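2 protein chains.
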Amino acid sequence: MPINRQWVLRRRPEGEVGPDDLELVETLTPELNDGEVLIRTLYLSLDPTNRIWMSDQVQYLPPVKIGDVMRGGVIGVVERSRAASLPEGTIVNPGLGGWQDYIVASEGVARRVPHLSGVPLTAHMSVLGATGMTAYFGLMDIGRPQPGETVVVSAAAGAVGSIVGQLAKLKGCRVIGIAGGPQKCRWLTHDLGFDGAIDYKSQDVAAELARLAPNGVDINFENVGGKVMDAVVGQMNTFSRMPLCGMISTYNSETAPGPSDFGRVLMHRILIKGFIVIDYLPRAAEALAELAPLVASHQLKWKAHVVDGLENALDAMGRLFTGDHDGKLLVRVSPEP
Amino acid sequence: MPINRQWVLRRRPEGEVGPDDLELVETLTPELNDGEVLIRTLYLSLDPTNRIWMSDQVQYLPPVKIGDVMRGGVIGVVERSRAASLPEGTIVNPGLGGWQDYIVASEGVARRVPHLSGVPLTAHMSVLGATGMTAYFGLMDIGRPQPGETVVVSAAAGAVGSIVGQLAKLKGCRVIGIAGGPQKCRWLTHDLGFDGAIDYKSQDVAAELARLAPNGVDINFENVGGKVMDAVVGQMNTFSRMPLCGMISTYNSETAPGPSDFGRVLMHRILIKGFIVIDYLPRAAEALAELAPLVASHQLKWKAHVVDGLENALDAMGRLFTGDHDGKLLVRVSPEP
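Protein chains in written order, with my numbering: chain A, 6 to 342; chain B, 6 to 342.
Because the hints were derived from the structure by calculation, they are not lab data.
Keep in mind the model is a prediction, meaning the values are calculated, not measured.
One or more hints might be untrue.
Said to hold, decoys possible - FRET-style restraints, in silico, Cβ to Cβ:
#1 B:Pro119 with A:Gly100: 57 to 63 Å
#2 A:Ser111 with B:Pro287: 52 to 58 Å
#3 B:Thr194 with A:Thr260: 34 to 40 Å
#4 B:Ala212 with A:Leu29: 41 to 47 Å
To be verified - In silico contact screen, one side only, chain B against chain A (beta carbon under 7 Å); selected entries:
#5 Gly263
#6 Val270
#7 Lys278
Note that beta-carbon positions come from the ideal geometry of N, C-alpha and C, so glycine has one too.
The following block holds chain A by itself, in its conformation from the complex (with noise of 0.2 Å):
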């Protein structure tokens, strides 16, 4: 069996995630019993939460164990199998694998990853996948949103919330952005179609989402949490949305405080709710029936950030708190077959 390198949690991280927190290590891949196929990692994903995993904060998932291998989102291929559904070149989803090249999963566990023509296997993990479904969900099932009605996204230029605008657009919805620099500003409004853009680096986001939504804001899609969120809270509607998605710029912090006025979402009867995407995955067919002809026929846009090699997993991981990458964030861990 092949040589298996994996990324085992060394110690909780404080703060940003360090060098020391987690530790490339090699093992053999185990022999398969019947059932089972050994799959080789072709994409993992990097995504915000896993930075709550590797904490042993109050989380949706248990924590990652200190030695155990880090989770993550995975696509791969079948090299060997031992389970006649799954044979050897099959692309598949193992549900949650980790960061290692390769994984070994029952065939009632892995699921096959559909072809579609013309569209590469990276939106599988991105806008037809965890990405797409958690933007998709959290819009339609808390948010709701009717035709006219404006909406703002954090984190806008991000994997889920460039998906939640363009969504949101499709509705008949007016939609602002807010995101860190005025390349993926630009984005948005150029090549995404969003009504307007707040760059958080450089402008006062309640300044200017006043002056871009200046008939108040019926669903904030929230991602980020901290001084952002509660610039958009402040301008809510009365009976506004706010499926609380994320906030990511309290993962590294050791405090995550709800709203500053909380007493405007009693005031304006706001509904707030969180939500994980894994509580929809017995609905994702409903998502994928909505998303992929969409992204098939180019409605929906969508862009990867491709690191190479599992050896850079963790160094990539760092971009996504810096903002540093420019579409959903993936690293190649093996070449697609």
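On the provided structure of chain A, position chain B as indicated by the hints.
Same frame as chain A, but now just chain B:
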């Protein structure tokens, strides 16, 4: 026409409401036009939300203007009538009234108060009025209690909280109340059938809650905000719900921050929804159909704390914030006919 005493807002209170913030003045009641009635106020409702109306913070109704009569919920008797549908002697609710002896209302606005055998008029100012509807809709519509779930209610011995807890018990829930002082706590567990009560003035709320609700909290009916809210949110379960009804601990302060651990709202996919009872007025009949039989059969217990005399309204209001009242706080403005 009779002389009308009115409490007029003179300035916006800072912190606790003081004697210079409102003034009791005398005017003459106006002549009636066709279709109008002169209503003599019987009972005036004192509610935490009155404090909000006195401020100019963001709120759900326009703030009471400086120089205007203070707004308040009232019930009264038609003393003079130029409306055939509302003869003299009819008991009516004129919608939102004021802190005054008399109010003129048109027959389209004043709603006849039904006579229920064995149910005193004060019930219509509490358990069968806005108070009861607040409890009913917040719990049922947002909380959606299921048998066996754990419900926590703060300000549990208050007018709303005591109804919330009893309704949750009727739905088969385990109910823990948070109240101030051993006497109130005893009332909750001995008289109202709560499964447990926590005295926030003398006990560690988080520690007691962990003891009384070992399976965590499924519904937090939030009335107080601040530290008590934080203690409860810290023990809310995955997919739990938080009807946000009030934040009385913050009404005399400048700030009303959200939960300090907002990350938990995300990780546990908690639903938070602010609400105001006036949003549910179109569905009032639904609540009354459920509540009236429970009141008439004494399955639902309630208390009114009646202070005599309009001139004592301002002093009485302070009791809302100290907790120094025993049941729904009302002012008897004039005797029942």
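Violated constraints from the hint list, given by number and in increasing order: none
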